[in-house]
Amino acid sequence: MVDLFTYLQFVLAPQMVTGLVIGVAVILMALGLTIIFGLLDVINLAHGAFYALGGFVLITLLGLGLDFWVAMVLVPLLVLPAGLVTERLLIQRVFHSGDRHTLTLLLTFGLSLVMEDLFKIIYGPDPHRPQPPISGAVELLGMYLPTYRVFLIFFGALLIAALSLFLFRSDFGARIRAAAYDRHMAASLGIQVKSVYSWTFALGLAVAALSGVLLSPIYGVYPDMGHGFIFLAFAVVIVGGLGSIKGAVVAGLLLTQVFVLASLVMSPVWADVLVFATMVLVLLFRPQGLFGSLAHG
Amino acid sequence: MVERELTAATPPVSRRGLSSLNKVALTAFLGALLFAVWAVVFEQPFYLGLATEALILGGLAMSVDLLLGYCGLLSLGHALFFGLGAYMGGLLLLHYTGSFWLTCLLVVPASAAIGLVGGLIALRSSGVYFALITFAMAQVVEKVVFVTNEIGLESPRGAVDVGGSDGFQGVPGVEVDLLLFSLDLRDPLSFFLLTLTLVSVTYLGLYWLMSTPFGRTLRALRTNERRLPHLGYAPRRFKLAAFVLSAVIAGFFGALYPMLRGGAFPELLTFGMSGDAVISVIIGGTGTLIGPLIGTALLVFMRSVVGSELGDLHVIIVGLVFIAAVIFFPKGIVGYARAYLDRPKPDRGRTDNDG
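Chains A and B supply the protein sequences, listed in that same order.
Residue numbers are given in the numbering used here: position 57 of the first sequence equals residue 57, and the series is strictly consecutive.
Residue numbers are given in the numbering used here: position 317 of the second sequence equals residue 317, and the series is strictly consecutive.
This is chain A alone, in the form it adopts within the complex (with noise of 0.2 angstroms):
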């Protein structure tokens, strides 16, 4: 009996809150790939470099010796015009096109090949490890947690409901979610559908960029650290049900903690294998993931 309590305390449950972290980071990035897909069907393959952006731009506002926390307000306000240039510039040339999901996939796929080879080059390919802003860690329950991953878990879910209150109680997000419910008509209201268009597309890089702030402290800063998350992070979407808040929500809680608590048992490897297995299993049933669109809540 004390064993068991002593497995939960120390084992089980410090591993469900490092899955809550990963969770949390999973879905801010899902939720930018939700969007950005919900309303411009745009799969964009370049949101782990973005992240990986985030990172980067963290590092050289904090070697030109910016606080942490200003870092981590400025980073997402230099990401937007870059996430605007980019769906001016690439995404709106395609935009037309019959093909436009293939084509837009195969931009971004091309633009996180050349931002990836740009951070190696400008930073080099080893890791940068920024200082966590917040040091020390909090008891909890008897568990002694690093204090900056307990912030990380609140930030981030604070974040998640600032960004679904946005979308779905701001003016901002009425016209979103209206251009993404059918743009003609949204259009035909007065709403400007192509600058809501390079809005959300800047938003969900933006958010994309903010959780790589967020993670450098704890994963550091390195050009291709976005492969790790995007697995899962599309693994979400799909499970959730592309272009769905709620679903990327739950999905992201659901698979960061499958992950997790499979890796207690498993090796890390096959733990992804499990994850992939739901996804398959999820679409088996369904093919449109488990919640809606992004037009319908």
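Treat the hints as calculated values from the structure; they're not laboratory data.
Please note that a few of the clues may not be correct.
Cβ pair distances, simulated, as ranges [to be verified]: (1) A:Ala277 <-> B:Glu43: 44 to 54 angstroms; (2) B:Arg343 <-> A:Gly63: 51 to 61 angstroms; (3) A:Val73 <-> B:Ala324: 34 to 44 angstroms; (4) A:Ile121 <-> B:Thr223: 38 to 48 angstroms; (5) A:Leu89 <-> B:Ile151: 45 to 55 angstroms; (6) A:Pro287 <-> B:Phe328: 28 to 38 angstroms; (7) A:Phe10 <-> B:Leu105: 18 to 28 angstroms; (8) B:Leu209 <-> A:Asp171: 53 to 63 angstroms; (9) A:Ala277 <-> B:Thr223: 32 to 42 angstroms; (10) A:Ala13 <-> B:Gly232: 56 to 66 angstroms; (11) A:Phe10 <-> B:Ala324: 47 to 57 angstroms; (12) B:Ala324 <-> A:Ile121: 12 to 22 angstroms; (13) A:Pro81 <-> B:Gln169: 46 to 56 angstroms; (14) B:Arg186 <-> A:Ala13: 52 to 62 angstroms.
Note that the Cβ used here is the ideal one computed from N, Cα and C, for glycine as well.
We have chain A; now place chain B onto it with these hints.
Below, chain B without anything else, positioned relative to chain A:
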């Protein structure tokens, strides 16, 4: 509004003489032979080896094109079949047999089986889901291969070791028995000519297949999948058949890789490999079969020759060329060559009509 299509979806027009596609293919074939002459005269075994690698990777690109250009299915994980083919071929040669033909005979059905499983999973979905599933499938298998060492098989030459993150080395040189004579693949020229023959046969075979009712159904599938069931065809069966065929081609050319480089590594299964194949297809010309080969040759040239000059910078160049190709030249090199060859020639057209 300009409609951009990835492929020049027009079927090869049957007319007197060679179709424009085969003209391009013949030119490329002659170019490859000229290159071989150059490499032999100036004693450049390194470039012959590189060209052989380009042809092998070209086989992978062709298999990607078969799905993308003819069925409209973008696979982001074809390195899976290529890499597993390489592992199977390499391990067979290393542990069980020295025979080229027996290796091929075993790799082909095994690749078909892997393709069948992969196809049954991936074809549950379509469009972007298909792309993501193939991507995820390859990622997962790559990770598994990355940590796999001994697989519990005992061979006459000891336990079969896949080699985990390092892969394995030491595949012996192969002799190909061709009844009248035999080719020693340790000789770069022999290997190059054999691969060129295999690639040409694959090209001609696929070109022929695309003119059969099967190929026309695939094309119809690409053009309008929803209409096909109403005409009495089951789209999924055709897609599955194409997927398995594509996996077999990828696996077969994968099996040639360890004969050339002496081993197989987990890198052969990575997204980089699948991505390169897709890049080659787009740059060369989707739905042309010969385009992917030309695209691969260009890409291999960029990677090794330009790459050794410019270092990491060449990936940026490859990426930018790729982006430019998608936006500005969606038909690819061969697509434009074809448009040029097929341009209307007023006087000859008239005589054709009169006759």
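To see whether the hints hold, each was checked on the structure:
no., hint, verdict
1, A:Ala277 <-> B:Glu43: 44 to 54 angstroms, "holds (53 angstroms)"
2, B:Arg343 <-> A:Gly63: 51 to 61 angstroms, "holds (57 angstroms)"
3, A:Val73 <-> B:Ala324: 34 to 44 angstroms, "holds (36 angstroms)"
4, A:Ile121 <-> B:Thr223: 38 to 48 angstroms, "holds (43 angstroms)"
5, A:Leu89 <-> B:Ile151: 45 to 55 angstroms, "holds (48 angstroms)"
6, A:Pro287 <-> B:Phe328: 28 to 38 angstroms, "holds (35 angstroms)"
7, A:Phe10 <-> B:Leu105: 18 to 28 angstroms, "violated (55 angstroms)"
8, B:Leu209 <-> A:Asp171: 53 to 63 angstroms, "holds (56 angstroms)"
9, A:Ala277 <-> B:Thr223: 32 to 42 angstroms, "holds (34 angstroms)"
10, A:Ala13 <-> B:Gly232: 56 to 66 angstroms, "holds (59 angstroms)"
11, A:Phe10 <-> B:Ala324: 47 to 57 angstroms, "holds (55 angstroms)"
12, B:Ala324 <-> A:Ile121: 12 to 22 angstroms, "holds (20 angstroms)"
13, A:Pro81 <-> B:Gln169: 46 to 56 angstroms, "holds (49 angstroms)"
14, B:Arg186 <-> A:Ala13: 52 to 62 angstroms, "holds (59 angstroms)"
In this structure, only the earlier hint numbered 7 is contradicted, and the remaining ones agree with it.
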